[in-house]
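S.K.: Read off the chains here:
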Amino acid sequence: MSPQQTRTIEVASITRVEGEGALKVVLENEKVVDVQLAIYEPPRFFEALLRGRPVEDTPDITARICGICPIAYQMTAVHALEVALGIEITPEIRELRKLLYCGEWIESHGVHMHLLHIPDFFHCHSSIELAKIYPAEVNRGLQLKKIGNHLLEVLGGRAVHPVNVTVGGFFRAPTRAELYSLVNELKWGLDAAIDVARWVADFTFPEFVGDYEMVALCHDTEYPMNEGDIVSTGGLRVAACDFEQSFVERHVRHSTALQAVRLPAETAYCVGPLARMNLNRDKLATTARQLSDDLGFDWPCFNPYASIVARALEVVHAFEVALNIVQEYRGCTPARLKYKYRDGEGAWATEAPRGLIYHRYRVCSDGTLAFAKIVPPTSQNQRQIELDLAAYLPRLLSSDDATIALECEKLIRSYDPCISCATHFLKLEMQRR
Amino acid sequence: MSTIPNSSPTVTKSHKPRLAVFKFASCDGCQLQLLSCEDELLSLADQLEIVHFIEASSQIEQGPYDIALVEGSITTTSDRGRIQTIRQQSKTLITIGACATAGGIQALKNWADHAEFARSVYANPQYVETLSTSTAIADHVRVDFELRGCPINRLQLIEVLQSLLADRRPRTPAHCVCLDCKRRGTVCIAVASDEACLGPITQAGCGAICPAYNRGCYGCFGPAAQPNCDYLADWYLQDRMSAAKLVPLLRNFNAAAPEFRDCGDRIDPNSDSGESL
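Protein chains in written order, with this note's numbering: chain Y, 1 to 433; chain P, 1 to 277.
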């Protein structure tokens, strides 16, 4: 009998993702026996430090979980708190919140596609290196991101950790002139985003199809952002507030992030642009919907590398929706609804750029927060990423360790993991034995 | 970028300052501001060699570094060691953002029962290894320049980098937010509404955004130079606001900045002290 073969490969820092983590792969006799995404991002205990604070602090503090998607936290928090406090927002506030989320989708998808993900398709270490080969394309991406940021600045006050969102609405509604000033750049952005979608749809994607249960919100008439039921490609449909009946977070030793799994069998599932697209493509805005047909893609798509096409289509959608809201805007009075404190509980889910995000809060009649629970997208994708790596690794095993590490990183990056978010996410250490 | 030829043949690679970006406990928002310099990013990349920026590049080089930008606070024993190594490898070390300059929002645990915090968030707190405090980088190593804000202002970041390239001191204001409200023509929130505003004691740099959006400043750029925190707190406490509202306001993203911390502790009837160092 031959001796056991042990081989160790390490990726100490997964790069071009948000936050910091590592990957550990254990091989026995060249068979994958374990894959662990280790999130070594230090824990910051958000759910604990919110307790006892004024409920109005929640959108400002939860925004600080993630500098790339603060709106996702703010939107989920205010909607959940409004359920707890019995507040029903007006159609005008609803439209402005959708507009704000469009800004974040444009900005966050812009960062991920052009600065983090596209360099992988051209064997570049960074977008700065990519810019030497494709200067016009990189600059176009930066301009798209800049428009997303500008939208966030006008409506939110600033792009990172905006200040204008509050329980019951906005501190100040934008003037018509402020929003109309965005029309020209949104029009340019819509055209540029269509060109980006055509560009990325022509990329060569590794042949890899996962056996996924994809989960996303689903709204009766709109592509989901701020509201909807939770649906899956496996046939699930529950109200967003019933998230915890169908999903549970588990705490594993190798990670400071919790891993969410699907009940009852505690199976992996995934959230994000591909999940949204597969479950909601018919509800895209007109141009994005037509483009999704014209690109020659087979939908639904279960190749994680092709998520960049879904992301590009969502940018087109976001520009289209934003342009429409801005052009239709006639003001928003009142900007903020009044409310009274009461004992109550509220849960809500929205669609962060990288996938479904769920919050649940309990509030007290003295205006303080008694309890907070936050389930970010990356903790939901983490187990599925590990399973994908285990499924993808066998075809790589004849390669050298550096190549294996690089290919693992590429697969992980296609999920747009946000490790800062997942902390309550990654180092590659590969053990072959 | 070793595989990329230099754009200018007269500048050899070794003459470009080597820039590194490091992250500790934080949200990534401050280093994102470097990527948000859309119009300046590629030109900055011509003047600086970005050799360590995990969020933006998969090519990571070892030190020494000419400029280190450090985001985040110290919350673990391993990070306490890592910042020492970074300091030894870096000619100029600049901290960026409220986490790095004051401990960040996670410094709220300095006032709490840390073990209880861990138990309340994690099913298996024994898997989680952290210190009981979140502290600023300057509490651990010498810092050459601090850039405030939650998040930092990207224009201030460009000013700092260009100053270093020109070998001059960065020009960032130390005055309070009130002056910027006057420049913006914003009606004073503290006087004209019932909102508490920390503008009189908070360092400028954000552009006085909050009052322009009908809300009081919440102090995300930390204490201004020589702030009279106690006077302002007492003025609010006279008949305008309760300690139950004012303490959390002082105790948020710069909770552990000494001036905000001491004032909050003084007026908080329930607190011993956040000074747990």
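Among these hints, one or two may not hold up.
[Claimed, not checked] No more than 25 Å apart at the CA atoms, straight line, and that leaves these computed lysine to any residue pairs for SDA-like: (1) P:K245 <-> Y:K410; (2) Y:K410 <-> P:Q62; (3) Y:K283 <-> Y:E266.
[As the list claims (entries may be wrong)] Where chain P lies over chain Y, by a calculated footprint (3+ residues, C-beta under 8 Å): (4) 66-76; (5) 159-169.
[Unchecked claim] Here are a few chain Y residues that face chain P, going by a calculated C-beta distance under 8 Å: (6) P42; (7) L49; (8) D60; (9) L337.
These aren't lab readings, by the way, just hints derived from the structure by calculation. Computed from a predicted structure; not experimentally measured. Note that beta-carbon positions come from the ideal geometry of N, C-alpha and C, so glycine has one too.
S.K.: Next step is simple, just say for each hint if it's right about the structure.
M.R.: Each hint, compared with the structure:
1. P:K245 <-> Y:K410: Violated, at about 47 Å.
2. Y:K410 <-> P:Q62: 23 Å, holds
3. Y:K283 <-> Y:E266: 30 Å, violated
4. 66-76: That given contact holds, which follows from 4 residues of the region 66-76 of chain Y lying within Cβ reach (below 8 Å) of chain P.
5. 159-169: n = 6 at 8 Å, threshold three: holds.
6. P42: Cβ of P42 (chain Y) sits 4 Å from chain P, so the hint holds.
7. L49: With a closest approach of 4 Å, the L49 (chain Y) hint holds.
8. D60: 7 Å, holds
9. L337: Not OK, violated: L337 (chain Y) not within 8 Å of chain P, min 14 Å.
Comparing the model with each numbered hint stated earlier shows that hints 1, 3 and 9 do not hold.
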